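Chemist: As they're listed, the protein sequences go chains A and B.
The first sequence begins at 0 in numbering that gives the first Met the number 0 and counts up by one.
The second sequence begins at 0 in numbering that gives the first Met the number 0 and counts up by one.
These aren't lab readings, by the way, just hints derived from the structure by calculation.
Heads up, some of the hints might be wrong.
Simulated crosslink set (DSSO-like; lysine-lysine; CA at most 27 Å straight-line) [said to hold, decoys possible]:
1) B:Lys154 <-> A:Lys156
2) B:Lys207 <-> A:Lys158
3) A:Lys178 <-> B:Lys304
4) B:Lys78 <-> B:Lys24
Small disclaimer: the values here were computed from a predicted structure and weren't measured.
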Amino acid sequence: MNPAESDYDVVLLGTSIASSITAAALSNAGYKVLHLDLNGYYGSHSASLTLKDLLDWANHAPSIYKSPYASLTYHFPSSSDPSVAPIDLLSASRNYSLSLSPALIPSTGELVGALVQSGVSRYSGFRLLQGLGLYAPDNSSDTPIRLVPATKEDVFKDKDMSLVAKRKLMKFLQFATGKFEESEDVQNQGQTAIRAYLQEVYSLSPTASQAIIYATAHSASDEEPLEKALHRLRKYTRSAGRYGNSPFLIGHYGGLGELAQGFCRSCAVHGGTYILGRPIKSIVSTSTEEARPKFEIEIEGISQVFNATSVILSQHHPRFSIQGTSNMDGPSFRCIAIVDGPISFPASDESSGPDNVIDTSVIIFPPRSLGELGKLKNSVTAMVTGEGTSSFWPMSADVIYLGSLLDDGDEDHDAERLLRPYLDALLNLPSPTQPSSPKLIFELFYDEKIAASSSSTNPLRGVFMINDAPPAVATFSEVGDASAIEAQRVFWEVSKFLSPPAGEEGEEVNAGPSSFWPPLDPEELDREVGENW
Amino acid sequence: MAYVGQRANARNYRERKEKELAKIKSYNALSDRVLAKKHFGDYSIEALDLTTDLLAINPEFYTIWNYRRHIFLNGVFPKSNPAEIHARLKDDLEFTLRALKQHPKVYWIWNHRRWCLEHIPVAHDARPEAQGGAERDGLDWQRQSWARELFVVEKMMDADPRNFHAWNYRRYVLASLPPDPPSGDSPSSGPSLALHRTPASELAFTTKKIEANFSNFSAWHQRSKVYAATGQMADASIRDAGQLNSPLFLDLNSSFVNQAMYTDPNDQSAWIYHRWLISQNPDPAVIHREIQIIQDLLAEEPDSKWCLESLEDGSVKTEVTKILQRLIDIDPKRKERYHDLGLELATATTATTTNQHLST
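Just chain A, same shape as in the assembly:
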């Protein structure tokens, strides 16, 4: 075996979305990449799984050493024995692509940037989120879901707000989408709770404040510090209009697993090597202090030993993490459910008739919106995906994802008990077209520890930690961008380490990458899109 073929610049452990973006960037920049994953599939804890694979995962995930998952339970409510999967559902397993990391992708965020610049966007299809609403039981119309104005046009058309209320809301949105960092308010009061700020400085009504806080900024609580909430709000509001009326794109199957796979493909296309489904036997550092580090990697079932100059591993890796650097918080409560009919979401446009079915929507439950039934102190986000996201066909069904963040005040930590009322509320939404509510076919509840902070210390030379656990707040809408940002950070650290130090004159060879992705070929950008008039 040619020794050069087993020498790598970097080896990455785990194909989560953050690791996959990093791997693709490094490979595109010309580095030799080896990418490993214990699982037989791409995506790691961001993966999209068939129903059977999800059940396998559910049966094993909580018992892995240092697992971030707990209180996991699943049932098949429509089956005669709810603990046993019905045969017809299992045989249709491959029709379902269920995501461990459902994501709303902001159109002007870092993930979209990475997708476009790397070309990985061409491997997958995306849809625009069609509906976003707030769950408001006191809503004036015949459904508790209240549509939230996101753009100037939405505000103009809104039938419920008074003229003055519209003006106040617009003033705030104009402030929030501008350079608010330079304003005195943010510099002096950046840590005030956002609700207090909206009501005192902009005199927004409680209804308008609620809409902004939960459905436009996607805060978990109205106590969130102003500055943090404003950053997200600005990003999302600016994202509306880039590809359509909604700020968010949704991946083909609703989650990030497909995208992780796409980045891995890009990595492989540029020379990266992939080994899936095999445990690592050992990683040994064999260099001395002064020389460049060298790590020898042995993999179960493969006789060849691989050499790498650097290692990138997850901050939360069960086996190889470094003492004291794993910084988890949380947990966040999650649910994946399959129902046998569409969840009814009100259409925003009166002129679009009953044929205009909304099949991808987000419904946000602000705190206390379920009264006594809803015990969670923070908001709950529900993402509903239908046939359009190609999760499954030919049957008519919806997949519901629920996510919520733990609050210090929450006493109960059982995901099922906490999320059940919200799932019921979705099933009981009134529908003009369906005579009866959709039925639950499958439900899975779990809680997952989330990331507290990035560790920037690398105790071992040549080893780099990537923080690829889901972000704390606004998980669904921030997980994609947080991963891309983290990937970029790690990319620069590693490439600085791998390139020869500055001081070597002359040749372009030692310049190293000058940007996160190599520049796009302008001829590719000129491709015409045909149109049928």
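Following the hints, put chain B in place on chain A, whose structure we already have.
Modeler: Below, chain B alone, put in the same frame as chain A:
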């Protein structure tokens, strides 16, 4: 390794520059050839094809469009029957359509389309496909082309709702439509050829465009055209009867325009339309109500130039002087204008008081 991408790009750049130079040379040669033929009055098919090539590269070369029309009139049409003329014109409509996708605002392309549409022949002779039992008026070719034209211009407006060329052209198309086919006479195939739009549907169309983006002067302007066309303005009897259901009153009474003013007080389209509405219907009760609405907005936005200007239009003189002074402070670039307005008002008042003196 890492540098490969950058070196390859430098090489690509040089190659592209060379290709460009070759393109420029061949364009100049073609242009010279065509102009020479024009100079010698060449109206052949060969000349026509060369103009096609040249215009495909540079549709802004209006001389060549002219030349092309001359070729049609002097060379091609005299030798063709109506069906052939129709086919040629349809081809040119397709040709200009492709050009429009890349150059949606070039006047000469729109002009050529107008010319083509206006020259579509009337089919007098009986053709198998035109038979239908009932009498045909020979205008179906024209109807089909104008129908497609309306579709094309509306598609362009979807792509760019603020392209005033498109709005203008659309008014031209609506005004030029051949009369709707006699009722009971259904075409042998295809969609209905009854194209004329009712004022109600036009209003609904502008509403849709305004809702999509109310910073659209052309859409508001079209609304005013619809009202003007329906003759509501001139109908004093409707005004005097105070009929609140008539469309003219609707925009004023439904707060449709107020919504735009409040959502973005800086957007001039809504204010200009509002001013026009008031001027068409100077009812004191309405004016009073609108002043109140604008003052409420001014309370929220004390620096709003448009609020102040509108109030100045309808308010009492002392208030006006105060307002003009504020305008001068906020908008110093136009202080001469505000000063002039003040003088106008003073002169008008003086004339009135003089007359009063004289009559007593």
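Chemist: All the hints need checking, so say for each whether the structure fits it.
Modeler: Cross-check of the supplied hints:
For the given pair, Lys154 (chain B) sits about 23 Å from Lys156 (chain A) by alpha-carbon distance, which is consistent with the 27 Å threshold. Distance check on the hinted pair: Lys207 (chain B) and Lys158 (chain A) sit about 15 Å apart at the alpha-carbon level, within 27 Å; holds. Of the supplied pair hints, the one linking Lys178 (chain A) and Lys304 (chain B) holds, its CA atoms being roughly 23 Å apart against a limit of 27 Å. Pair hint Lys78 (chain B) plus Lys24 (chain B) does not hold up; C-alpha atoms about 35 Å apart against a cutoff of 27 Å.
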